[in-house]
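Participant: Chains as they are written, first to last, in the numbering used here: chain A, 10 to 207; chain B, 10 to 207.
Derived from the structure by calculation, the hints contain no laboratory data. Don't take each hint at face value.
The list treats identical chains as one, so a pair stands whether inside a single copy or across any two.
Claimed, not checked - Simulated crosslink set (DSS-like; lysine-lysine; CA at most 25 Å straight-line): (1) K128 x K60; (2) K188 x K60; (3) K60 x K40; (4) K60 x K24; (5) K24 x K128; (6) K24 x K40.
Listed below are the residues making up each chain.
2 protein chains.
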Amino acid sequence: MARTPLHNRQEALEKAMALFWRKGFHATSLKDLEGALDMRPGSIYAAFGSKDQLFLEALECYAQRSLSEADRIFAAHASPMQGLSAYLRNLGSIRDEALPCPACMLTKSLMELGDQEAKTRQRVEALLAGMEARFAEQLRAAQSAGELSADEDIELLSRRLQSEVMGLRTFAQRDVATKDIRRMAEAIADTWASLGRA
Amino acid sequence: MARTPLHNRQEALEKAMALFWRKGFHATSLKDLEGALDMRPGSIYAAFGSKDQLFLEALECYAQRSLSEADRIFAAHASPMQGLSAYLRNLGSIRDEALPCPACMLTKSLMELGDQEAKTRQRVEALLAGMEARFAEQLRAAQSAGELSADEDIELLSRRLQSEVMGLRTFAQRDVATKDIRRMAEAIADTWASLGRA
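Here chain A stands alone, though its shape is the one from the complex (with noise of 0.2 Å):
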């Protein structure tokens, strides 16, 4: 492999997402950055600090386009409990898109980390209540249209939410048939939809 410098410092970014992503924090050595970034140890410090600051910069990358994504979902139906219902049945799919894995990286993330990380660990739970709060607008936006009973509690709903995407993309990686996660994504979405129409 030759060794020519990146020069684009985003597409590096991306590849150390791509890689960060599959194999988690510490199992990826500097090593496996090297290879996937194709640049030497000293070129990645001169770019990008440090292993960690380098994941941090990775979940931020990865936080900006899941957001991006659910945002792109929302926006393609007029009603937010339909906008809510596509993002999760969208998930069913998460094995045909070729991502690093299906499991979300700031689940696993918030998996792995422990207190020796404590500083990226607080930013996992930043961008994950980022996450939460944009599922709890979107169902604010149901209630508002009349699709979601001002009775609901937007919270908990909202963390509800979360919690069935973390669990789903983390049944993925699950050993089972792709025809399988589509049907509970389906099931899940229906689940949803079916409570703005109660």
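Start from chain A and add chain B according to the hints.
Facilitator: For chain B alone, coordinates are given in the frame of chain A:
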């Protein structure tokens, strides 16, 4: 710390389980194990073979305990659906139980283990399939008792149940109030209980 040899193999195994459960496979060093088990490296290898084999034994120990816990709760309820609902509600107090961490050790391992740990990963998959089978058995009992429609797809439901448990226990790792986790578990338990009344 006195280096008194630990003659109780089971006690050492449970300490290893607690450590692996909390820190994960990759982040747990042999040094961590030496400290937690109060055993020298040679004694650990003599008793358990290798870090990989010790981790495998810890997984078995964890899965056995999880199945027993589910059995205990299911057996305490004459109604199979009430048993399932109680199992879910019980997860709301998961932070009160002084566990190494609220998330499930099998789920954490599923997220963390990669191609290099293929054999261990297969075992995790088999243990999760075993848990799914236990849920399916309980749901079939609910059908036999006339509590659940005969039309319900047991495979789909048991997998959604496992995904629900994975999601809630993973969410419980987030930095949110313990009372909020309890409320989520109650709401989830109510949803599953209402399935039995539908």
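Participant: Hint by hint, say whether it matches the structure.
Facilitator: Going down the list of hints, with the structure as the test:
| no. | hint | verdict |
| --- | --- | --- |
| 1 | K128 x K60 | within (13 Å within a copy, 28 Å between copies) |
| 2 | K188 x K60 | neither (37 Å within a copy, 36 Å between copies) |
| 3 | K60 x K40 | both (11 Å within a copy, 22 Å between copies) |
| 4 | K60 x K24 | within (13 Å within a copy, 31 Å between copies) |
| 5 | K24 x K128 | within (23 Å within a copy, 27 Å between copies) |
| 6 | K24 x K40 | within (14 Å within a copy, 32 Å between copies) |
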